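Asks: From first to last, the protein sequence lines are chains A and B. Counting from 136, one number per residue, gives the positions in the first sequence under this note's numbering. Counting from 10, one number per residue, gives the positions in the second sequence under this note's numbering.
Since the hints were derived computationally from the structure, they do not count as laboratory data. Some clues are possibly wrong.
Capping the alpha-carbon separation at 25 Å, the derived lysine to aspartate or glutamate pairs in DMTMM-like fashion look like this [what the hints assert, rightly or not]:
1. A:391 / B:204
2. A:144 / B:196
3. B:76 / B:27
4. B:195 / A:446
5. B:11 / B:204
6. B:206 / A:184
7. B:195 / A:399
8. A:144 / A:469
9. B:28 / B:59
10. B:206 / A:469
11. B:208 / A:418
12. B:28 / A:469
13. A:455 / B:25
14. B:206 / A:446
15. B:208 / A:414
16. A:455 / B:59
17. B:11 / A:184
18. A:302 / B:59
19. B:28 / A:446
20. B:11 / B:106
21. A:304 / B:176
22. B:206 / A:414
23. A:144 / B:59
24. A:302 / B:25
Chain A regions said to be covered by chain B (calculated; three or more residues, Cβ under 8 Å) [what the hints assert, rightly or not]:
25. 221-232
26. 237-251
27. 285-295
28. 455-463
Label-pair restraints from in silico Cβ distances [what the hints assert, rightly or not]:
29. B:27 / A:512: 38 to 48 Å
30. A:377 / B:65: 50 to 60 Å
31. B:77 / A:455: 29 to 39 Å
32. A:418 / B:195: 39 to 49 Å
Values in this document were obtained by computation on a predicted structure and should not be read as measured data. Cβ atoms here follow ideal geometry from the backbone N, Cα and C, with glycine treated the same way.
As a plain string of letters, each chain reads:
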Amino acid sequence: MAGQTLYDKIWNDHLVSTDAATGDSLVYIDLHLIHEVTTPQAFSGLRAESRAVRRPDLTLAVADHNTPTEGQQLGLAGVRDEAARNQLTALTKNVAEFGIEFFPMGDPRNGIVHVVGPEQGRTQPGMTIVCGDSHTSTHGAFGALAHGIGTSEVEHVLATQTLRTRKMKNMAVNVNGQLRDGVTAKDLALHLIALTGTAGGNGCVIEYRGEAISALSMEARMTLCNLAIEGGARAGLIAPDETTFAYMRGRPSAPKAGAWELAERYWRTLYSDSDAVWDVVIDVNAADIEPTVTWGTSPEQAIAISANVPDPSEIEDLNKRAAIERALDYMGLEPGQAISGTPVQRVFIGSCTNSRIEDLRSAAAIAAGGKVAEGVRAMVVPGSGLVRAQAEAEGLDEVFIKAGFEWRQPGCSMCLGMNPDILAPGERCASTSNRNFEGRQGRGGRTHLMSPALAARAALSGMIG
Amino acid sequence: MKAFTRFRGTAAPLTDQDKLMANVDTDMIIPKQFLKTTERDGLSEGLFYELKTLPDGSRNLDFVLNKPQYAEAGVLIAGDNFGCGSSREHAPWALLDQGVTCIVAPSFADIFFNNCSKNGILAVVLPADICDQLAAQAGGSNSVFEVDLEQQLIIAPDGSQHHFDIDAGSKEKISTGMDDIAMSLKDSAAIETFENKRKLAAPWLEWGQ
C-alpha cells in the first residue's frame, strides 16, 4: 500500500461513513468556530426544525466581523450601526439558548476567530476544524485540517457535528532552501499565489513543505496557511513539529500534563509518508523570492516590490489583457509603471492574516522613532484582546502612538470593512490583509496587500516601497 | 431546498469589454454592507451592487441585469473561477432571490460551488470556448436557453446541445431538493460510534469534561 499524506491521515482518522449512492462522506468535526455574520440563518434553521446543537462543547463563538474597533467597553449599546448591533445581539441570544461558549466583544479573549483558536490552544494538530469563514485555512499551520464552509454547512455541523463532503486532491508545495533576510511568510504566500493563480489550488488541499517552511515561526505559518484559500485551495497544511509543540505548551485549552504526552505521541505521527502519492507538486526556490506586493484587484496580481506593473499591450491572451486593463483602471495605475513610489493615503495593519504579536513587533520595529507621513492615516488593529495586552506589555502601543498610528481594539476591521473602518472612494491603502478585490475595503477603495513591515514603511514614507 | 430539474428562459452574460469576467469574487456578487441581515430572503437588492449602481447610487444602465431584455434571466454565464473569495452564502441566496438558478462557467471556486448545491442552484462547468459561444448567443428576451438536468444538457438558442458532467450524488440532491441534515441524521448511530471511539483514542479533545 502506498504511503499516506498528512491530509490522507487526518481524513481517515475522521471518517464516520461514506454514502455509496451519493459518494458523500461524513467527516467528524473536532472544533467548530462560529461568529456573528454567517450563523444567524443556521440557528434559525435549527429552530425551525426543532433540532439541537449536537456538541455545544466542541463549538466556540466570538464576535469579530462587525465589531467596532473603538468603544468596545460600552458593550453592544456602543455599536452604532443598528444592523450590526442586531446581528451581534442575535449571536448573544443564540449561544445562550444553545449552550455554546462565547467570548463576547470586550472580553480580553475576544478577537478575530482565527487568532483566538490558536491563542487559546483550541487549535491542535490532527484536528478537523471548520468555520463559516474562508480564512479558516489559517489553522492548517498546526497540521489541522481546517477550512471555510457556508451557512448551510454551519447548520449541518451544529446539528450533526459532521460535515458532508468529499475528499480533495493532494497538492505539495515544496519551498526549498531559505528565505532571504527581510522576506516574510506574506511575501512567500503572495509569490506562490502569483505563480499558481487564484484558482491554482482549486479542488486541492495544499501541504507546504521544505526547509523554508520548517524554519517559519507559528505566526508565519498561520499567515501562509491563511492565504491558501486565496490560491483557491480548500485548506493549507503544515506538518506539526517542535515549533508547533513549543507554541502550544501551556495554552489554556492545550492538553494538560499526562494527556499532553498521549496527544504528543499522536501528533508525532502526523506527517506525509516518504512514499505518499501527490496529485500536484510545485517546487519553489525560497531564495528567489523578494518582498512582494499586489498591484491589482486579485491576490494573484502580485509582483516583487522592485518590479513594474504589467503592460496589457504586451499580453497576448485577450481575456487576461481585459482583466489587467480593468484592474489597472480600477487601481488608478499606468501600464508598466514601477509599483515602488506609489503614494498611499491609508495604512491598515491587522486582519487574520497579519495581526499577531510577531506581526506587530515587525511593524513596530520599522515605526520606532519615525513619523507617519503627512496626509496618511495609519491604523493598527491587534488580532485579539490578548495580542493587544501583550503588545502593550512590550510597549509597542507607545511606539505606534508616538509615530502617529491609531492603536485600536481587536476585530476584523478594515480587512472587509463591515464595521466603520472603511476606505473612501479612490483612497489607496497599504494593507496587511488578504483580499484586494474591487470594493473590498470600501467602494472605490484601492488595496495593496503586503507584509506588516512593508505596510509600516509605507506609513512613514507615504508611499509603497 | 427548492429542487432544480429544468429551466427554459433567458441567460445573461457577465462580461467586461465583451469578455466573460474571470475571478468574479463573492464581494462583487454581494458586498459586505448586505451581510448584516439575519434572513436568507430579500438579498437581490445587494446582488452585484457595485456593478449595477453608479457611485452616486443611481442605476448603471450598462450593467447586464439592468437591461430590460436580461431582467428575467435565470441563467448566468461567467468566466473562470466564479465565486472565489469569501465563503458568504449570501452570494447564492442573492442570486436565487434575483431568480438565477443556473450558472455556467469554465470553473468555480470550491466553497461557492458547495454553497450553490446546498441551495438548489445548478453550477455547470463547460469549457471556456463553449462558455464564450453561449455568451455570444445570450441576446436577451428572444434567445431561449434550455437547461435539462436529467439529460445533463444545455440547449443554446441556435439549437446546439452541450453536455455537462455532474456526479450522480449532486444530481440526485439538486433534482430532489433533498435536506442534507435529515439525511445525515439517519447516520446518528455511526456518529455516536465514532464519538465513543474518539473519546478513547483522543481524550484530550473532550474539553467540556
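Asks: Does residue 206 of chain B pair with residue 184 of chain A here, judged by a C-alpha cut-off of 25 Å?
Replies: violated, 29 Å
Asks: Measure nothing beyond the straight line between the CA atoms of residue 28 of chain B and residue 446 of chain A; if it is 25 Å or shorter, mark the hint as holding.
Replies: Given pair residue 28 of chain B, residue 446 of chain A holds - Cα atoms ~18 Å apart, limit 25 Å.
Asks: For the pair we were handed, residue 76 of chain B and residue 27 of chain B, check the Cα-Cα distance against 25 Å.
Replies: holds, 15 Å
Asks: Next pair to validate is residue 11 of chain B with residue 204 of chain B; report whether the Cα-Cα distance is within 25 Å.
Replies: Answer violated: residue 11 of chain B to residue 204 of chain B is near 33 Å, above 25 Å.
Asks: For the pair supplied as a hint, residue 206 of chain B and residue 469 of chain A, is the alpha-carbon distance within the 25 Å limit?
Replies: violated, 61 Å
Asks: If you count the residues of the region 285-295 of chain A with a beta-carbon closer than 8 Å to a beta-carbon of chain B, do you get 3 or more?
Replies: holds (count 8)
Asks: Starting from residue 11 of chain B, check that the Cα of residue 184 of chain A is at most 25 Å away, please.
Replies: holds, 17 Å
Asks: Under the criterion that the straight-line Cα-Cα distance not exceed 25 Å, is the pair residue 28 of chain B, residue 59 of chain B satisfied?
Replies: It holds: about 19 Å lies between the C-alpha atoms, which stays within 25 Å.
Asks: Do the alpha carbons of residue 208 of chain B and residue 414 of chain A lie within 25 Å of each other, as the hint requires?
Replies: Cα-Cα ~33 Å, so violated.
Asks: Is the straight-line distance between the alpha-carbon of residue 391 of chain A and that of residue 204 of chain B 25 Å or less?
Replies: Roughly 21 Å between the alpha carbons, so the hint for residue 391 of chain A and residue 204 of chain B holds.
Asks: Hey, residue 28 of chain B versus residue 469 of chain A, does the alpha-carbon distance stay inside 25 Å?
Replies: holds, 21 Å
Asks: Taking the beta carbons of residue 377 of chain A and residue 65 of chain B, is their distance inside 50 to 60 Å?
Replies: Given about 58 Å between the Cβ atoms, the range holds.
Consistency note: the structure conflicts with the earlier hints numbered 4, 5, 6, 7, 8, 10, 11, 14, 15, 18, 22, 23, 24 and 26.
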